[in-house]
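Using my numbering, you'd call the opening residue of the sequence shown number 769 and step up by one each time.
Simulated from the structure, these hints should not be mistaken for laboratory data.
Honestly, I wouldn't trust all of these hints.
[Claimed, not checked] Derived DSBU-like pairs (lysine-lysine); straight-line CA-CA distance at most 30 Å:
1. K854 with K827
2. K773 with K827
3. K794 with K773
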Amino acid sequence: MNWLKFVAILLVVDAIIILIRPDFIKHLAGMLAQGAKIYIASLAKAALGIIFLFGAGSKSTLPWVIIIFGVLALAGGILIIAVPQKARSMANWFTHRSFFTLRCFAAGYLVIAALLVYAA
769 MNWLKFVAIL LVVDAIIILI RPDFIKHLAG MLAQGAKIYI ASLAKAALGI
819 IFLFGAGSKS TLPWVIIIFG VLALAGGILI IAVPQKARSM ANWFTHRSFF
869 TLRCFAAGYL VIAALLVYAA
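Can you build the whole structure from these sequences, using the hints too?
Here you go:
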């Protein structure tokens with residue numbers, strides 16, 4: 769198993785955890801919305817984008833899918849740094865959603881993560 773597939777599997781596990789315990793994402797979003805902690809999310813998102821961009825090689829099943837999500841993740845990480853107040857308001861938005869809504873987001877996240885596992 770290559771490291772790109774391993775990272776994609778971690779994303780699947782993360783989505784499953786959010787499906788089971790949506791209060792976890794509420795707590796995490798609330799914590800990241802405070803102070804300079806939003807930059808931790810920015811670094812994680814940018815690192816994920818870089819991992820996907822460097823991992824989209826000839827061994828990948830669907831390299832274009834990995835490249836698209838890598839570019840989106842890297843751009844998202846840069847935008848968090850560029851517009852931190854908007855990122856904080858989005859994180860706060862998650863803290864005020866119902867568990868059903870968060871589970872719906874997690875289901876979409878799970879589908880995307882599974883696509884990335886297949887593409888890797």
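Comparing the hints with the structure gives:
1. K854 with K827: 37 Å, violated
2. K773 with K827: Distance ~11 Å between K773 and K827 Cα, so the pair holds.
3. K794 with K773: Judged against 30 Å, a Cα distance of about 27 Å means the pair holds.
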